[in-house]
Structure formats: C-alpha cells, structure tokens
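Student: Spelled out, the chains give:
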Amino acid sequence: MMSSVIIENLSKSYGDVSAVDDISLNIDTGEIFGFIGPDGAGKTTLFRMLTTLLIPDKGKATVEGFDIVKEFKKIRSLVGYMPGRFSLYQDLTVEENLNFFASVFGTTIQENYNLIKDIYVLLEPFRKRKAGKLSGGMKQKLALCCALIHKPKILFLDEPTTGVDPVSRNEFWDMLGYLKNEGITIVVSTPYMDEANKCDRIALMQRGKILETNYLKNIIARYPGKLFAVKSDVMFILLKDLRDYKNSNSVFSFGDSLHYSDSRTDVTKDDILNYLKSKEHKNILIEEIEPNIEDCFMDLMSK
Amino acid sequence: MQNNFIIESENLTKKFGHFTAVDAISFSVKPGEIFGFLGANGAGKTTAMRMLCGLSIPTSGKATVAGFDVYKQTEQIKKNIGYMSQKFSLYDDLTITENINFYGGIYGLSKSKLKEKTEYLLDLLKIPEMHTGKLLVSLPLGWKQKLAFSVAIIHEPKIVFLDEPTGGVDPITRRQFWDMIYEASHNGVTVFVTTHYMDEAEYCNRVSMMVDGRIASLDTPYNLKKEYNAGNMHEVFVKIARGR
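For the protein sequence lines, the chains are Z and U, in the order given.
Letter 201 of the first sequence, counting from 1, is numbered 201 in the numbering used here, and no numbers are missing.
Letter 89 of the second sequence, counting from 1, is numbered 89 in the numbering used here, and no numbers are missing.
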C-alpha cells in the first residue's frame, strides 16, 4: 500500500498548550481518512502543518513523498486545502473566485472541469453572485470547487461539515465519495462522530493526541466488555440507579435510551433486569447492542 | 385568566425584501419545557430566535415572550431571558471570575448576590480555586461551554435560548451539558434549544422542525417517530427535510 502522508512524532505547542503532541501515522493513497475529535483536539494545527502553513516544533512528515518543511513549495501545488473558516473572496463572484484560484495554480476552469462538474452545476445558477451572498451550503460547495481546481492529488478538508444540518452533511459526503473514485486521497476532520462510518480509516483525537487509528469496525471490535441499551418509564431515575449499580462501568444517555456497560464479562440481560426490578422500574427494555463510535470514543477518553 | 404559556407565537413572520425568512409560525411553549427548535440550514431558525429574543422586529404576526410583546417590550424581554451560542458566549481574555462579574453586573445583580452566585457556580462546576484567576482562553472548550451556560442563567431568567450549545464539544461533555439543561428545566427554567445532533433532539420534551420558514412538524419525539414511522430522530429529520 502506498502512503500519501507519513507522519512521525509530529508536535506543535502554543506556549504551554500542546496542540499536537507526538503524533505518528500513515495515510494510504486513495483512502478517505478522518480525524475525529472535539474542538481543541489539534485537528486544525495538524492540518496546517501538513499543508505547509505552519512549521512543526518537533518530528517530521511527508505529503506525497515531500518533506513538509524543506519541500513545502512542491507540496503546495499537489494539495487542495479547504480551511474550516470560509476563506474565499467575499466580494468576488462565484466565477471570479474560481478563475482566480485557477490562475494562481496556472490552470483554467475548463482544463479540470470534469473534476468539478458535478458540484459546479449546482453553483452555476449563482455564478454571477458574490461569494459573500451565498448560503452556507453553496459557500461550502464553492470552497470545495476552488480546492479542486488544480486537480490536487490529495485534499485536506478541515471540518467541512461543522454547523451543517444532517441532510446537507450527507450530500457533502456523497460528493467526497465521488472524488475518492477519481483517485484523490481525502483527509478530512470532523467533530461529528457519526461521520466515522463515511471514512475508510479514522484517527480518534483528543487534546493533541491520537487515541486510536484504525478501521471503524476494528475500533468497535476492540470495545471491552458488553454493552446494553436500557429503557424504562422514568429515564431520569434509571440513569441514577444504573450508575449506583455495583457492577456498573459506565452509563451514558443515547437518544431515547441509556447505554450501560457492565464490569463483568459474563453478565446477562437478566442480571440487569433483576436489579432494575428490585428498584421498582416499570416497562424495562434491555438489549445487548454493538457499541457505536461515541461509545468507543468515550471509553478511550476515560482511560 | 392568566395564560399558561411562556412563549406564544401566532403567525409570526419576517421578510427581508421579497424573501420570507419566517413564514407565519404559530406555536406555544410551556414553562419549564425543554423545547427543541430544529431545521435545516437556512430554514429560518436564527431569524425566528432573534425575533423571540427581542433583537429583530417581526414584519407581521404576534408573539409574547415571558408575557412581553416582541414589538413593544423588547427591553423587558432581554431582561427576562438568557442567551448562549457556540459562537458568542464569554470573553476569552477575561478570567472566569471576571466573566461572571461582568455578566452579573450587566444583568444588575447586587454585590452580595454576585458574590453568592460566583461561589455557587465555581462549586457547581467544580472549578478549582487555582483556575478562577486564569484567562478563559486557556480553559478546555467543555469547561467554557458549561460556564457559559451557567452565566447565561446567572440572573435567573424565565427562559434560556441555546443556539447550538454543544457544537464541537466532546461526547462526555455534551452529555454533562444536557445534565445541566435538565437541572435548569427541573428548577423551572424554560429551555429553547437548537442543535444539529439528532440524539439531543430525543432529550427535548417537544421538538419543532422548520422547513423553508414554516414549522413543518411539532410534537414529542415519541409522537414524531410514530408519525414518520422512524426509528430515531435522525430519520425523522431526514424525512421532514426532504419531504417537501
């Protein structure tokens, strides 16, 4: 497997704050790789180093074989970068922004039109509109077009879906799937854990560190112990009673049920049911479930 | 007879030129209720919230918030509500104590009340004394957001408006944040909240879904799931947002 990105012991601090703390990993050519973690995990700092906009304190990294410090100029023509904040020219039109980015990279819209065609047709009705007057979803599509205009080998998308509603988020991921089929390596960061299942591999990040890098299914398979979804008539009291249970490992709210993990390996549904009956819960529903990405993240966070 | 609703809206409308951002929405919210205000980007949630907070005068329709009129009594509304969003909450270059004092001062809390509130909040949030003099910028986001919520209700408002309060927050803090919402609601504060996390929609007593400036649906999460034959609120959202 070819690697598009190789990161070795990369670190960056701002004063006392360690934004990226000794990170090492590889990103394979042609995969969608997701950095998943809350704000402050270090995702943006990492992306800025990999796109050669920030110099690391320690460690090294290569992008498409080029060193991010010594060979930054070579990297800049190979990567497409979509920063977290909208950073196109607000007072240029859609068309002017695209032409500008194309000319900076010595190309034209026509030359790589194939790559952006599917996204650009959605923007076309607004091509004379100033970028600052576009809706959030349209701005996001324009930013993606601009990042693609020079046919990059690898795309860095820093939180492209933050603040975007669930339906529009899905549409955006569909576009990324299409770009992946065009052979572009896609590195994306997100605070929405549920987007993990849209990535090939993911790295879970928290406070500058990588908690785990793997395929989602492997991360789920490594969740320790059994997990149950539990409901009863009075969820508020159920939460308290499950937390007080002597075998309780963790209890968290998940939508309309609680996810409960038990410290015993041989625990059964009936063990929990009997305990809850003794606490006079009514209409108890217990089901053993496969953990999702948030269960895994919270488990890794607490270690 | 006194009316029993803390927020009442009847055909509330806001137009910008030819564009109708909020199109005749009618709903009411009970005291102490956790009311989820959902919708796709651009559906009109922010515009509607700004009118209810007394920050934007409606084009037509009626609404009262905490008994005050959204046209004529916007200053009284502002005194009776709390507001927090992911984007604007506290000042990064003030310390924790300075932030509490600043907001408490703005809301006109007396010195003794402010002192009592500060002690209560620091204890509630389990913030060690050594941190209270640190600039906010150095604190983890999770702490900041929990502090921001506490400060938003420091003047004991009847209603608190939360605009995507948990965006970008880690999953454990997100849940702790909802514990605080439940406690506030238990103490009688009405919570009006927007979110893009559909599991959080399940934690609301009732949820409204806005599509193109209108309220397309409004009910308990249980009833919405039944009505749309959906397993969870995410499916409900997708069905309503796409079903136009």
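Hints were generated in silico from the structure; no laboratory data involved.
Worth double-checking, as some hints may not be accurate.
30 Å max Cα-Cα, derived DSBU-like pairs, lysine-lysine [said to hold, decoys possible]:
#1 Z/LYS277 with U/LYS225
#2 U/LYS158 with Z/LYS209
#3 Z/LYS217 with U/LYS87
#4 U/LYS239 with Z/LYS231
#5 Z/LYS226 with Z/LYS279
#6 Z/LYS240 with U/LYS239
#7 U/LYS158 with Z/LYS240
#8 Z/LYS209 with U/LYS126
#9 Z/LYS180 with Z/LYS217
#10 Z/LYS117 with Z/LYS128
#11 Z/LYS117 with U/LYS126
If you want the ones that stay clear, here's a sample from chain U, every Cβ over 10 Å from chain Z, calculated [as the list claims (entries may be wrong)]:
#12 PHE27
#13 GLU33
#14 ILE172
#15 ASN205
#16 ASP212
#17 PHE237
Restraint ranges, calculated between C-beta atoms of paired labels, are given here [unchecked claim]:
#18 U/MET130 with Z/TYR215: 51 to 57 Å
#19 Z/LYS240 with U/ASN4: 26 to 32 Å
#20 U/PHE16 with Z/GLU124: 57 to 63 Å
#21 Z/ASP244 with U/LYS134: 46 to 52 Å
#22 Z/LYS180 with U/ARG242: 35 to 41 Å
#23 Z/ASN283 with U/LYS62: 29 to 35 Å
We put the CB at the ideal spot given by N, CA and C, even for glycine.
Student: Against each hint, give a clear statement of whether it holds in the structure.
Tutor: We went through each hint and held it up to the structure:
1. Using a Cα cut-off of 30 Å, the hinted pair Z/LYS277 and U/LYS225 holds, with the two alpha carbons roughly 28 Å apart.
2. Between the alpha carbons of U/LYS158 and Z/LYS209 the distance comes to roughly 41 Å, so the proposed pair goes past 30 Å and is violated.
3. Distance hint between Z/LYS217 and U/LYS87 is unfulfilled; the C-alpha atoms sit about 34 Å from each other, more than 30 Å.
4. In summary, the hint linking U/LYS239 to Z/LYS231 is supported, as the alpha carbons are separated by about 25 Å, within the 30 Å threshold.
5. Using a Cα cut-off of 30 Å, the hinted pair Z/LYS226 and Z/LYS279 holds, with the two alpha carbons roughly 22 Å apart.
6. For the hint pairing Z/LYS240 with U/LYS239, the CA-to-CA distance comes to about 34 Å; that exceeds 30 Å, so the pair is violated.
7. With a C-alpha separation of about 27 Å, the suggested pairing of U/LYS158 with Z/LYS240 holds against the 30 Å cut-off.
8. Using a Cα cut-off of 30 Å, the hinted pair Z/LYS209 and U/LYS126 holds, with the two alpha carbons roughly 25 Å apart.
9. Simply put, Z/LYS180 and Z/LYS217 have alpha-carbon atoms about 20 Å apart, close enough for the 30 Å limit, and the pair holds.
10. Distance hint between Z/LYS117 and Z/LYS128 is fulfilled; the C-alpha atoms sit about 17 Å from each other, no more than 30 Å.
11. Of the pairs offered as hints, the one joining Z/LYS117 and U/LYS126 is violated, with about 53 Å between alpha carbons and a cut-off of 30 Å exceeded.
12. Under the 10 Å C-beta cut-off, the non-interface status given to U/PHE27 relative to chain Z holds; the minimum distance is some 20 Å.
13. With 10 Å as the threshold on Cβ separation, the claim that U/GLU33 sits away from chain Z holds: the shortest Cβ distance comes to roughly 15 Å.
14. Under the 10 Å C-beta cut-off, the non-interface status given to U/ILE172 relative to chain Z is violated; the minimum distance is some 5 Å.
15. The claim that U/ASN205 is not at the interface with chain Z holds, since no C-beta of that chain comes within 10 Å of its own (minimum 12 Å).
16. The Cβ of U/ASP212 sits about 13 Å from the closest Cβ of chain Z, beyond the 10 Å cut-off, so the non-interface label holds.
17. At the 10 Å boundary, the C-beta of U/PHE237 falls inside the reach of chain Z, the nearest C-beta of that chain being 6 Å off.
18. Range check, U/MET130 to Z/TYR215: Cβ separation about 42 Å, and the 51 to 57 Å hint is violated.
19. Distance hint for Z/LYS240 and U/ASN4: a CB-CB separation of about 30 Å, consistent with the stated range 26 to 32 Å.
20. Separated by about 24 Å at the C-beta atoms, U/PHE16 and Z/GLU124 break the suggested range of 57 to 63 Å.
21. At about 35 Å, the beta-carbon gap between Z/ASP244 and U/LYS134 misses the expected band of 46 to 52 Å.
22. Distance hint check: the CB atoms of Z/LYS180 and U/ARG242 are about 24 Å apart, inconsistent with the given range 35 to 41 Å.
23. Here the CB-CB span from Z/ASN283 to U/LYS62 is close to 41 Å, at odds with the stated 29 to 35 Å.
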